[in-house]
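**Q** With the hints as extra help, turn the sequences into a complete structure.
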Amino acid sequence: MNEGTATRPLVDRLLAAHGWLVYLFFYAPIVVLTVFSFNDNSRVGVWTRPSLRWYGEMFRNDDIMRAIRNTLIVAAVSTVVSVVLGTAAAISMERFRFRGQRAMDGLLYLPIIIPDVTMAVMMLLFFVQAFDLLEGFTGIRLNLGLGTISLAHIAFNISYVAVVVRARLAGMDPHLTEAAADLYATPWQTFRRVTLPLIMPGVAGGALLALTLSLDDVVVTSFVTGPGSTTLPVYVFGLVRREVSPLINAVSTAMLLASILLVGVSLGFQRRSGARQGPSDEDEGDANDATTPMVGHLGRVGADAGGM
Amino acid sequence: MLALTLAACNGSSADTTLAAGEGTAPTEENGDGGSGAAPECSVDEVDGPLNFYNWSDYIDPDLITAFEEQYDVDVVETFYDSNETMIAQIQAGVVYDLIVPSDYMVAILIEEGMIAPLNKDAIPNIENVSEQFQGLYYDETFSYSVPYQWGTTGLGVNLSVLGTDFPRSWALVFDPELTASYPSGVSLLNDPRETIGAALIYLGYSLNETSEDALQEAADLIRASNVTTFDSDQYPDNLVNGEVPVSHGYSGNFFTTFAETENPDNWEYVIPEEGATLWVDNLAIPTAADHPCTAHTFINFLLDAENGAQLSEWTLYATPNAAAEELLDPEIREDPAIYPDDETFERLETIQDQGDAEILYTDYFNMARGG
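Order-wise, the sequence lines are chains Y and W. If you read the first sequence in numbering that gives the first Met the number 0, its first letter stands for residue 0, the second for the next number, and so on. If you read the second sequence in numbering that gives the first Met the number 0, its first letter stands for residue 0, the second for the next number, and so on.
Just so you know, these hints were derived from the structure itself, not from any lab. Just so it is clear, CB atoms sit at the ideal spot from N, CA and C, and this is done for glycine as well. None of the hints are false.
If we take Cβ atoms under 8 Å as the criterion, some of the chain Y residues that face chain W in the derived model are:
| id | residue |
| --- | --- |
| 1 | 127 |
| 2 | 143 |
| 3 | 226 |
| 4 | 229 |
| 5 | 237 |
Pulled from the structure, derived: some chain Y residues nowhere near chain W, Cβ distances all over 12 Å:
| id | residue |
| --- | --- |
| 6 | 28 |
| 7 | 79 |
| 8 | 170 |
| 9 | 178 |
**A** Written out as structure tokens, the structure reads:
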């Protein structure tokens with residue numbers, strides 16, 4: 000009659016195997032791409048001998064270096080701004096009650112649901128009309144460029160940040176802020192010393208998500224771009240149309256390395272603040288792998304949005 | 000939920016075309032509209048930095064540097080990945096001085112009044128353009144555009160399988176008996192216009208034919224043939240890796256791939272005798288350009304014999320510049336698969352936009368694929 004306990008380990012092992020398979024599915028293409036970025040052959044997928052040839056070509060290619068610079072500027076600006084605005088939006092939705100909140104609540108998630116291309120055309124029309132109006136009133140002519148790309152990225156990133164931060168806020172005990180108020184903390188002190196540290200993993204997760212979305216957006220960016228402001232994904236997309244060159248492997252690997260570095264830094268930061276706060280961060284334990292938090296946070300977005 | 004959203008995003012990016020054209024139409028009045036006069040420019044005049052909107056990786060960076068030094072003027076490069084993205088930007092009123100639209104897109108841009116007539120007095124090198132390119136439907140006399148680079152769609156052949164004595168014809172991929180004799184079958188492009196078009200040419204129609212009887216015939220022809228894959232990305236690799244003996248695809252991609260194999264002589268690119276697709280990318284100046292004179296000077300610079308040769312040696316596509324062609328390596332210049340004689344050239348056809356009938360090609364292509 001110990002059948003139940005006998006099958007248990009088998010189920011566990013199957014689940015574990017399944018987990019590994021999922022990871023293999025995620026990361027095998029990345030490993031292949033990375034390995035082939037060190038290939039000397041000019042054809043993708045034919046191995047000759049290891050070399051740094053394509054990395055050299057990447058650094059010598061001014062167009063690519065300029066595109067990388069543009070991408071990093073847009074990603075940095077849009078991440079910082081959307082994290083601040085998205086966090087504020089999440090707190091206002093979760094902690095306060097005001098007229099029209101329900102409508103706002105629904106509208107906040109619209110940018111996540113709207114197809115990219117619709118968003119892109121809307122943005123383009125909006126910027127063009129707004130700039131025309133501005134020129135009519137002030138005579139100042141603004142042009143599309145890095146500014147409009149950043150604004151467009153901020154616009155869609157706010158929603159993602161808000162979703163992630165809200166999930167964190169919802170799981171936070173509201174009595175903690177009341178306790179802080181009882182101890183004569185001002186609202187700002189409460190936010191700074193109690194709320195923000197507790198929701199920090201959510202904020203960091205939102206920031207990573209925003210950064211990722213900004214780094215690889217093609218559709219919206221290619222519409223609201225202006226002279227001289229081509230970003231890396233747009234450039235690479237154009238490259239693939241003609242020929243899949245190993246140069247793309249090198250560029251992608253460099254971007255990947257940058258993202259992993261970033262995730263690592265933010266993880267270290269989180270873990271330190273987590274240690275200070277004690278046991279509040281129950282999901283810190285599984286964060287040993289530098290890539291886990293991304294997947295974790297994405298999962299949380301799915302869970303939260305699905306629950307609406 | 001997230002998965003759904005992502006799927007929606009991916010799916011929609013392919014539809015950029017339609018949304019771009021229609022969504023931005025209301026801002027059309029931003030342009031100067033209509034067929035304005037050609038700008039007043041003299042030879043070698045520059046009137047400010049050049050905002051050059053081009054495909055990714057489509058010009059030798061050394062040519063840009065040379066132009067900047069020779070005329071002491073900046074070139075600001077911006078890149079696009081499809082004609083449709085480009086026209087969306089132009090329609091929205093983003094100001095560029097020079098663009099590189101493909102053949103059918105030139106027709107649309109002229110119709111919409113979005114590109115300006117060229118001042119040929121400022122482009123003396125225009126006489127270098129090969130006469131072969133005069134009379135193309137979208138701009139017969141280079142009034143609005145000059146050809147930049149061009150190529151064809153034909154067949155890549157593995158000579159170690161087919162030998163040297165094989166029909167230089169679309170029969171290689173469409174004859175049911177011939178294709179059945181290759182155990183691994185043949186590869187066709189995963190592109191309704193190109194593949195249905197090739198079948199139409201083999202059947203003796205124009206590749207722009209829209210009658211449903213002809214399209215049905217073309218679809219039946221494709222279905223009867225021994226086709227292994229419909230592929231638009233990996234076809235040159237599939238050919239040189241020996242997976243298929245004959246492969247339908249774009250000239251430039253075959254040449255690049257052949258050159259990178261250990262034994263380039265084992266492969267041949269063939270323009271079938273019945274005719275084939277011709278594509279031409281062109282230089283054009285938007286009506287709203289801020290620095291049209293610099294743009295004219297840049298066009299003239301690229302049409303120079305030596306610069307034109309340097310450009311094509313770098314892109315590996317064919318040059319429409321007859322003077323530049325003279326300076327190319329004789330092995331390239333005399334290759335009839337790259338620079339076909341006038342008789343073959345006459346049989347090449349460009350794909351023209353068929354408006355509402357475009358969807359028919361997709362329908363019959365799906366039918367041919369057995370979908």
